[in-house]
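Going down the list, the protein sequences come from chains A and B. Numbering of the first sequence is given in the numbering used here, commencing with residue 1 and proceeding in unit increments. Numbering of the second sequence is given in the numbering used here, commencing with residue 181 and proceeding in unit increments.
Rather than coming from a laboratory, the hints here were simulated on the basis of the structure. Among the hints, a few may not be true.
[Said to hold, decoys possible] In silico PhoX-like links for lysine-lysine, alpha-carbon gap of 20 Å or less: (1) B:Lys341 to A:Lys140; (2) B:Lys219 to B:Lys184; (3) A:Lys174 to B:Lys341; (4) B:Lys341 to B:Lys234; (5) B:Lys341 to A:Lys40; (6) A:Lys3 to A:Lys105; (7) B:Lys319 to B:Lys307; (8) A:Lys105 to A:Lys174; (9) B:Lys256 to B:Lys293; (10) B:Lys307 to B:Lys219; (11) A:Lys40 to B:Lys234; (12) A:Lys40 to A:Lys140.
[Claimed, not checked] Far from chain B, some chain A residues (derived; all Cβ distances over 12 Å): (13) Leu5; (14) Gly61; (15) Leu108; (16) Pro168.
It should be emphasised that the depicted structure is a prediction, and the values quoted were computed from it without experimental measurement. Ideal placement from N, C-alpha and C gives every residue a C-beta, glycine not left out.
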Amino acid sequence: MRKTLRVLILLLMLFTSLTAGTLAVYTSRIDLSPVTISAKRFVLGVNQGGQDEFDLRIGPGELVSYQFDVTNQGTDGGVSEVDMDLMIDADFTAIRASLPDVEIKLLLSSGSGNIEVAAADSSGILSYHSSSAFNASAAKELNFSLTFYWSEGGVSSSLIEGNSVVLPLTVYVKGVQHVS
Amino acid sequence: MKKKLFLIILALAILTSLTAGTLAVYTKTVTETEKIEAKRFAFSAVGDIAGDSKSINLAPTESMEYDFTIANVDSKGGPVAEVALDFNVTINYQQAASQMPGLTATLYSGEEKVGVYADGQITYTAKSSASELYEGTFKVVLTWADDGSNNAGQTTAGNSKVSLATGLTLTVVATQAV
């Protein structure tokens, strides 16, 4: 019995020493420097708001306008890091229905004055699309005017017959990352 | 009596001289010194963003690349590891992917796509042989995909200019192959 026990203990010691020896291996770890991942800044700023409602008072023979500015620079000074397309859309069908003689135009301010860039069609829809209106990382502001001219002697005057009417106007300004 | 004593002494003298004589043997001592050395373990990993950029800065639809190499030498031109090595690579970009919806990463060995892909993580294993130079060249291509379904989330990320200092982490563990 004792002899058997001694043999068993000896075998166990041999086995343990063999196993312990094979667990010792070379190993090393390298952590490469972490890399910053960020999203390119995207900014569309519109003075008076990106989507706006306003009331304008206009009479026959009068021209009224509404100004708004569009920029690719935020209030914190950050500039869009992508080229941006600009879309300005407005629905003046209500005005067209009530005041068919009113001419509605979108003007863009330039060095030589205001340039007409869009006009409402016969149904009252106005649409302006400019590809790459803004370049990446170049701060820029575009100054627009929406003008309403009610020419005298038209049909509209008789339709209103001295009564005033308030018609809501909605303009949508949208910036989209330009993708080549 | 005297004669007996004399004979004993004589025999003793002879015996002693024989014994002493037989103790004189050729001897030579040879001393040898052998070295015991540990086999060399050598390993290096280096990486950087492709081009001159200091960070991965993406807009939707854009891609950038991070290149890295693994070798079984401590430095270029240095002695090669004398043991076979297993390299385990772990690439993590989970946090960036969660804040920039649509962000993906792909690991290439040369031009071949490799690795096991989980949510915001890539793992890959490579091997080198003992005393044979191994230099593995890899690239991680990060793409901010735009399939049109993440416009709102991507725009939000761009409006706030999401930026993560540890957006991409890369760890390599080299272990002696047994």
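Taking the hints in turn, this is what the structure says about them:
A distance of roughly 19 Å separates the Cα atoms of lysine 341 of chain B and lysine 140 of chain A; the hinted pair therefore holds under the 20 Å criterion. For the suggested pair lysine 219 of chain B and lysine 184 of chain B, the alpha carbons sit about 74 Å apart, so the restraint of at most 20 Å is broken. Only pairs whose Cα atoms come within 20 Å are accepted, and lysine 174 of chain A paired with lysine 341 of chain B is accepted, the gap being roughly 19 Å. Using a Cα cut-off of 20 Å, the hinted pair lysine 341 of chain B and lysine 234 of chain B holds, with the two alpha carbons roughly 16 Å apart.
For a cut-off of 20 Å, the pair hint linking lysine 341 of chain B to lysine 40 of chain A stands: about 6 Å separates their Cα positions. A threshold of 20 Å between alpha carbons decides the hint, and for lysine 3 of chain A with lysine 105 of chain A the separation of about 111 Å lies outside it, so the pair is violated. Pair hint lysine 319 of chain B plus lysine 307 of chain B holds up; C-alpha atoms about 17 Å apart against a cutoff of 20 Å. For the hint linking lysine 105 of chain A to lysine 174 of chain A, the alpha-carbon distance of about 18 Å falls within 20 Å, and the restraint holds.
Note on lysine 256 of chain B and lysine 293 of chain B: the hinted pairing is violated, with a Cα-Cα distance of about 26 Å set against a maximum of 20 Å. Of the supplied pair hints, the one linking lysine 307 of chain B and lysine 219 of chain B holds, its CA atoms being roughly 18 Å apart against a limit of 20 Å. The suggested pairing of lysine 40 of chain A with lysine 234 of chain B holds, with an alpha-carbon distance near 14 Å, which does not exceed 20 Å. Only pairs whose Cα atoms come within 20 Å are accepted, and lysine 40 of chain A paired with lysine 140 of chain A is accepted, the gap being roughly 17 Å.
Its beta-carbon lying about 33 Å from the closest one in chain B, leucine 5 of chain A satisfies the requirement of being farther than 12 Å from that chain. Distance to chain B confirms glycine 61 of chain A as a non-interface residue, since its nearest Cβ pair spans about 44 Å, more than 12 Å. Distance to chain B confirms leucine 108 of chain A as a non-interface residue, since its nearest Cβ pair spans about 25 Å, more than 12 Å. Even its closest Cβ contact with chain B, about 27 Å, leaves proline 168 of chain A beyond 12 Å, as expected for a residue assigned away from the interface.
Violation of the numbered hints given earlier is confined to hints 2, 6 and 9; the remaining hints are satisfied by the structure.
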